[in-house]
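Enquirer: Here this note's numbering is used: the sequence shown runs in plain steps of one and ends on residue 1375.
In case anyone wonders, no lab produced these hints; they're calculated from the structure. Take these hints with a grain of salt, some might be off.
Said to hold, decoys possible - Distance ranges between label pairs, derived from CB positions:
1) A1230 / L1321: 22 to 28 Å
2) L1322 / S1353: 34 to 40 Å
3) L1132 / L1307: 31 to 37 Å
4) V1244 / I1111: 38 to 44 Å
5) E1260 / L1226: 15 to 21 Å
6) L1315 / G1264: 30 to 36 Å
All C-beta atoms in this analysis are idealised placements derived from N, C-alpha and C, irrespective of residue type, glycine included.
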Amino acid sequence: MPRKPPPPLPTVRTIRMVQPMIWLILAWRDMARAGWISFAHGLVVTLAGGAMLSVAHHRFWLLAGALSGFLVVAPVLATGLYALSRALERGEPANLGVVLRTWSQWQNSRGNNGGGDAWCMVRFGLLLALAGTGWVLTSAALITLLAPVPIETPVDFLRHVVMAREGWLFELWLGLGSLMAAPIFASSVVAMPLLLDRRATLLQAVLTSWQAVVANPLPMAFWAALILGFTLLGLGSLLLGLVAVLPMLGHASWHAYRDLVDASSLPEREIPNEAPTALQNNGVAR
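Hey, can you work out the whole structure from these sequences and the hints?
Expert: Right, here's the structure in full:
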């Protein structure tokens, strides 16, 4: 029996080096138009991070891995933000109803392949969560086993790991983190917006994401640096900056997908509509 050919991939465009800065500008426009629901995403993550700090503030070996693992699962956390930007782009209300339907009903929108893609976003999210968990455990093992003294606070981490005159623990920690982050970034940079927007399989989304990075190595490296820099700013401001940083990066990632990928060859994924509610009537239309 002949082997079934692989599904075709969407067309990937090449972009200019400065394009990531334009994505950030468009993100702020979306944040202004979507209003409080956009910033609510950042607030939820900030509160979750605060809870993490309160639990692990004397276990910095765990905290360091967990906070850096945040970068791994961030594309999943921003799913509601992609939906808001998509709604604004289409001239539809961008409100809490859109976010709730995206999280609760998108899997009911099945593709032409008999529904095989119905849980692709869930599977991808689980894979990212598994990768994040693996990094937390790896980070904890490195710092716990190889640090010259017990690392319990951020000051301990800075003094005995980051600023240590002898040893190579910090370099090893950074190297392993980068080794894990690079393929995850390449696999997810446009995968989640594509899965939300189109009836694509998980394999199509991941391969398209890799193709976008390979076709635009310098702009995508610049985009990765911007994501890392703004995330560190958010974390370094006692997490308060994440209230604005997370929605900004989430909306910008949607515009990155729209610039990088021509997905017109794939059918749209329509989220089931519900009857308007009081919350939906307060939405922002284009």
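Enquirer: Give me the numbers of the hints this structure contradicts, sorted from smallest to largest.
Expert: 6
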